[in-house]
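Sequences and hints are given; from them, build the entire structure.
The primary structure of each chain is shown beneath.
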Amino acid sequence: MRPPLLTIALLSATALGYEILLMRLFSIIQWHHFAYMIISLALLGYGASGTFLAFVQARLLNHYPLALLINLALFGLTAMPSFLVAQQIPFNPEEILWNWREAVRLMFVYLLLSLPFFFAANAIALTFSKFNKLITRVYAFDLFGAGVGSLGVILILYVIPPLGALSLVSALGMACIAVAAWELQLSKRLWIGAAVLLSMAIAVWSEPPSGLVLSPYKDLSQTLRVSGARVIAERFSPMATLQVVENDRVPLRYAPGMSLNAGSSPPAQLGLFSDGGSMGSITRDSGDPQAVDFLDQLTSALPYHLQHAQRVLVLGAGGGMDVLQALYQDSAEIHAVELNPQVIGLVSKDYAEFSGGLYSKPGVQLHTAEGRGFVSARDTHYDLIQIALQHSSGASSAGLYSLSESYLYTTEALQTYLGHLSSGGYLAISRWIKLPPRDTLKLFVTAIDALRVAGVEEPGKRLILIRGWQTSTLLVKNGEFTADEIRAMRDFSQQRAFDVAWYHGMSADEPNRFNIFREPYLYQAAQALLGPHRQSFMEQYKFNLQPATDDQPYFHNFFKWSTLKEILELRGQGGMPLLEAGYPVLVATLAQALLASSLLILLPLVFLKRRKQSSDSSGISQLRVVSYFFAIGLAFLFIEIAFIQKFMLFLHHPLFTASVVLASFLVFAGLGSNWSKRYSMQKSYGQGVKWAVAGILLTGTAYLLLLDTLFAWMVAWPTIARAAVSIVLIGPLAFFMGMPFPLALTSLRTAAGTLIPLAWAVNGCASVLSAVLATLLAIHFGFTLVVLLALLLYILAALEFPVRSVNSV
Amino acid sequence: MKYVLLCYLLTSLMLSGPAPAGEDEQYTQQRMELMRIIEQDVRETSVHLDRETLDPRVMKALAEVPRHQFVPDSQRRYAYQNRPLPIGHGQTISQPYIVAIMTDLLKLTPGDRVLEVGTGSGYQAAVLAELVREVYSIEIIEPLGKRARELLQRLDYDNIQTRIGDGYYGWEAHAPFDAIIVTAAADHIPPPLIAQLKPGGRMMIPVGSRFMTQQLVVVEKDSNNTVTTRLILPVRFVPLTGAH
Numbered sequence: 001m002r003p004p005l006l007t008i009a010l011l012s013a014t015a016l017g018y019e020i021l022l023m024r025l026f027s028i029i030q031w032h033h034f035a036y037m038i039i040s041l042a043l044l045g046y047g048a049s050g051t052f053l054a055f056v057q058a059r060l061l062n063h064y065p066l067a068l069l070i071n072l073a074l075f076g077l078t079a080m081p082s083f084l085v086a087q088q089i090p091f092n093p094e095e096i097l098w099n100w101r102e103a104v105r106l107m108f109v110y111l112l113l114s115l116p117f118f119f120a121a122n123a124i125a126l127t128f129s130k131f132n133k134l135i136t137r138v139y140a141f142d143l144f145g146a147g148v149g150s151l152g153v154i155l156i157l158y159v160i161p162p163l164g165a166l167s168l169v170s171a172l173g174m175a176c177i178a179v180a181a182w183e184l185q186l187s188k189r190l191w192i193g194a195a196v197l198l199s200m201a202i203a204v205w206s207e208p209p210s211g212l213v214l215s216p217y218k219d220l221s222q223t224l225r226v227s228g229a230r231v232i233a234e235r236f237s238p239m240a241t242l243q244v245v246e247n248d249r250v251p252l253r254y255a256p257g258m259s260l261n262a263g264s265s266p267p268a269q270l271g272l273f274s275d276g277g278s279m280g281s282i283t284r285d286s287g288d289p290q291a292v293d294f295l296d297q298l299t300s301a302l303p304y305h306l307q308h309a310q311r312v313l314v315l316g317a318g319g320g321m322d323v324l325q326a327l328y329q330d331s332a333e334i335h336a337v338e339l340n341p342q343v344i345g346l347v348s349k350d351y352a353e354f355s356g357g358l359y360s361k362p363g364v365q366l367h368t369a370e371g372r373g374f375v376s377a378r379d380t381h382y383d384l385i386q387i388a389l390q391h392s393s394g395a396s397s398a399g400l401y402s403l404s405e406s407y408l409y410t411t412e413a414l415q416t417y418l419g420h421l422s423s424g425g426y427l428a429i430s431r432w433i434k435l436p437p438r439d440t441l442k443l444f445v446t447a448i449d450a451l452r453v454a455g456v457e458e459p460g461k462r463l464i465l466i467r468g469w470q471t472s473t474l475l476v477k478n479g480e481f482t483a484d485e486i487r488a489m490r491d492f493s494q495q496r497a498f499d500v501a502w503y504h505g506m507s508a509d510e511p512n513r514f515n516i517f518r519e520p521y522l523y524q525a526a527q528a529l530l531g532p533h534r535q536s537f538m539e540q541y542k543f544n545l546q547p548a549t550d551d552q553p554y555f556h557n558f559f560k561w562s563t564l565k566e567i568l569e570l571r572g573q574g575g576m577p578l579l580e581a582g583y584p585v586l587v588a589t590l591a592q593a594l595l596a597s598s599l600l601i602l603l604p605l606v607f608l609k610r611r612k613q614s615s616d617s618s619g620i621s622q623l624r625v626v627s628y629f630f631a632i633g634l635a636f637l638f639i640e641i642a643f644i645q646k647f648m649l650f651l652h653h654p655l656f657t658a659s660v661v662l663a664s665f666l667v668f669a670g671l672g673s674n675w676s677k678r679y680s681m682q683k684s685y686g687q688g689v690k691w692a693v694a695g696i697l698l699t700g701t702a703y704l705l706l707l708d709t710l711f712a713w714m715v716a717w718p719t720i721a722r723a724a725v726s727i728v729l730i731g732p733l734a735f736f737m738g739m740p741f742p743l744a745l746t747s748l749r750t751a752a753g754t755l756i757p758l759a760w761a762v763n764g765c766a767s768v769l770s771a772v773l774a775t776l777l778a779i780h781f782g783f784t785l786v787v788l789l790a791l792l793l794y795i796l797a798a799l800e801f802p803v804r805s806v807n808s809v
Numbered sequence: 001m002k003y004v005l006l007c008y009l010l011t012s013l014m015l016s017g018p019a020p021a022g023e024d025e026q027y028t029q030q031r032m033e034l035m036r037i038i039e040q041d042v043r044e045t046s047v048h049l050d051r052e053t054l055d056p057r058v059m060k061a062l063a064e065v066p067r068h069q070f071v072p073d074s075q076r077r078y079a080y081q082n083r084p085l086p087i088g089h090g091q092t093i094s095q096p097y098i099v100a101i102m103t104d105l106l107k108l109t110p111g112d113r114v115l116e117v118g119t120g121s122g123y124q125a126a127v128l129a130e131l132v133r134e135v136y137s138i139e140i141i142e143p144l145g146k147r148a149r150e151l152l153q154r155l156d157y158d159n160i161q162t163r164i165g166d167g168y169y170g171w172e173a174h175a176p177f178d179a180i181i182v183t184a185a186a187d188h189i190p191p192p193l194i195a196q197l198k199p200g201g202r203m204m205i206p207v208g209s210r211f212m213t214q215q216l217v218v219v220e221k222d223s224n225n226t227v228t229t230r231l232i233l234p235v236r237f238v239p240l241t242g243a244h
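Chains A and B are the protein sequences, given in the same order.
Mapping of the first sequence onto our numbering: position 190 corresponds to residue 190, and the numbering continues sequentially without gaps.
Mapping of the second sequence onto our numbering: position 153 corresponds to residue 153, and the numbering continues sequentially without gaps.
Hints may contain errors.
To be verified - Listed next, the stretches of chain A that the computed footprint assigns to chain B, with coverage defined by at least 3 CB atoms under 8 Å from CB atoms of chain B:
no.: 1; stretch: 260–272
no.: 2; stretch: 371–383
Unchecked claim - Non-contacting residues of chain B with respect to chain A, defined by C-beta distances greater than 10 Å in every case (computed):
no.: 3; residue: Glu23
no.: 4; residue: Arg83
no.: 5; residue: Asp156
no.: 6; residue: Asp158
no.: 7; residue: Arg210
If you're looking for bench data, these hints aren't it; they were derived computationally from the structure.
Even for Gly, the Cβ is constructed at its ideal location relative to N, Cα and C.
In structure tokens:
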């Protein structure tokens, strides 16, 4: 019998596509970090498969073709219903701390979604065991399939909406059965093929019983509850699902932090939603400036009142509010940068008339690009760089494994923006006000650092911070603020009942007049952060204000362990909003994954130990098997995730980067696995692993040292060229990384194959833990350390290679 | 067989009929316990609230209003726990402690006329109605507004008028108001609401997610019509651990 290689490739492609799709779907119906937690835990289905097979593999292998077909069928049959049932379970993350039922619901969701992965993993692991001399080849097809699947699902999501894509993936899952029947030359393959075709047709053509069930607490759900609200346009792509909402009866109005003294309200607007979360609005522009004068009543209007801004750059243009504001302020040249081309399409085509032809007005130049990449790739200087208020969802919607990384607000990013300001130009960043202040202050420290790096001795003279009751705006000037500018800023704020929180030379009685905090927190903090006690202030502050860097791009992480106890004690008083959810959810994910993994790995260990007592085995140390596969399982994903991040700064576009890097890693690792068969044929497994690890160490270290320089040199190259360079760079590293797993797995076949399921369980669990750990480590120590740790783990793996025990037997 | 059927009918009638006296008593006890918890929380948060205790009238109002009537049946057993509860339609009934301090911060007097934007369950309106002469409440989600109206009528709150519609423009016919409470967080304060606030009046806006209030914004209009806001953290939490 020949191994069903195409089946494995197709199954692997489908399973990876399914994983990415689930992430997409859960980001729409829930929130990103919970989506991440749910999918991570569901992926433990892979680990569970190893545990399951440790018990029953022998019996299943006796009926391999049937066992394979059943698992393939179960994968195809559960893929769709698992999600459909899971989305009906009313899980509300905010209730989980006081309602144990929420935890039970969450557990159900995990279990349901882990089923398809469990069956897919069974099919792959059984094939490894059945064709244990050809593991390098089977694994090559497994990885190659996964690589194709990761790209394929992205392409599919451009033409089919997420739920339709799920039907397609289910159908492909079933197609695996027909391919397997044909590859295994089964006598009833024709009948099987016909049955599969029929069920595929049903899967693709039958309408799911319900559409997507969004959490009732998401912005879109809330907006649609109001009578008269209706979705008038919907767009989907792998980046995001967009909805435009109109309400004739109860007009939508979005004017973030508008002055209390503003006499008029915003004109008619259309709500713009990305993955069910609000991303601003499209404002009707009838050409009458008075109708949009609310734009002059926002804190973000400040820079226009200090100096006329001729050339303006708006990063994250979205529905176009900041572009309209620049037009209102008579800027002559406005560059609007938006990542999602469909957002641009909606404003510039579908609702061009509504928006008064905003994006095609004279002076407005539109760019589909990622903000920071756009700035760094050009040599243009601007009088004003305005970073729009809305939360950038780009990185998180790429989010294979990201937890709110943002390269828009790192110290290096601010340096880049400052380097592209004309003499006397401003960088303006607006944020929502939080109490106690968090992001406004972190941004302030980041600006101080960026200015200091640029050689500015007194950064305080180049900073202005104002705030209303809802928003704050920070101005960073390329030069020192003049007395005239300060006077204009004070007038602007006074007229609009905004408070001045910082300018050089302000008096202590100025900062808390209109929007009164218990203490003038922002002013006090600004003073401390600019003064000699900055370090102790930051240490004592109850939120993390450490500026984000490109190596630790977690601007949105404000969590401090030292504050956790206090916040939990305040639970009864409603203190939970003080807890910044992202980080604790990540830790909770790790804790749950650790617990489940320990069980999944310990169970087969105990089982194998008993069995060993009754019948002698090969003498291979199980501990070595566990530590080897754990090390390479962790290391593979550490490197993959860290490099997705590293290449993000080079390729700029988050989704594009994740696709290119992930697919390159998988495909080249597949080639590596296939190539490593020359070692397995000579039974020199250990030697093969040593060579591979040497290769990984060499390329990995070289990249750590050289990538930044290389990227800086090529940053202005065309996208295609940069993508090609990325593939060429990833190739060799991934090639070597594809070898340690299949070589070691093949070496275990002498142990009557009982160790193969154990290795599979360990690898499955380690992969899940790795993704979560990599993010946690990057938050605390940066991605460079994640790569270094991975290299160390590979060294450890080479030393712990289990086959040594075989040699000694 | 007939006997069994009779027993069944009698039992079902008892279960679906009015709550036995014991149940009401139980709820009253739970409400009193909740009052004790709120008092304690207020003492602990006094640094932000500028007071050690809440106005006794506010506490009395909270002790009077049967919160369990305002939550769905499935949530009734949690009605007197100090936490927000889902009431359907993606809306919640606020945490009692937050309701208490929001009501207190409005500094109401018995003759006041109050506007509420966002009736929700009707609980906040009922609490206000215990304290002032007239309460006007607007709800934008039709089924919620209807449910609240029926409930408030059933509980004999004659001084509450409700309406289903857009609260952005306030309720011009009954303006100006001594106090306004906007229960759904907004990205800006609607200018018509500021206009309908009496000089010397106060407006309260809780800001946060649908489920949890993060901070309270008190909008004050002085006798010169100058409008200022106060941002209040409703929990005992200071951002700095000590001197620096």
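Q: Could you check that no beta carbon of chain A comes within 10 Å of the beta carbon of Asp158 (chain B)?
A: Holds, since 27 Å exceeds 10 Å.
Q: Verify that the Cβ of Arg210 (chain B) lies farther than 10 Å from every Cβ atom of chain A, and report whether the claim holds or is violated.
A: Violated: least Cβ distance 4 Å, not greater than 10 Å.
Q) Against chain A, does Arg83 (chain B) keep a CB gap of more than 10 Å to every residue? A) violated, 6 Å
Q. Going by Cβ atoms, does Asp156 (chain B) stay more than 10 Å from chain A at every point?
A. holds, 28 Å
**Q.** Within 8 Å of chain B (C-beta), three or more residues of the stretch 260–272 of chain A
**A.** holds (count 6)
Q | Whether chain B covers the stretch 371–383 of chain A (at least 3 residues having a Cβ closer than 8 Å to its Cβ atoms) | A | violated (count 0)
Q. Taking the minimum C-beta separation from Glu23 (chain B) to chain A, is that value above 10 Å?
A. For Glu23 (chain B), whose nearest Cβ neighbour in chain A is about 23 Å away, the distance exceeds 10 Å, so it holds.
The structure shown violates the earlier hints numbered 2, 4 and 7.
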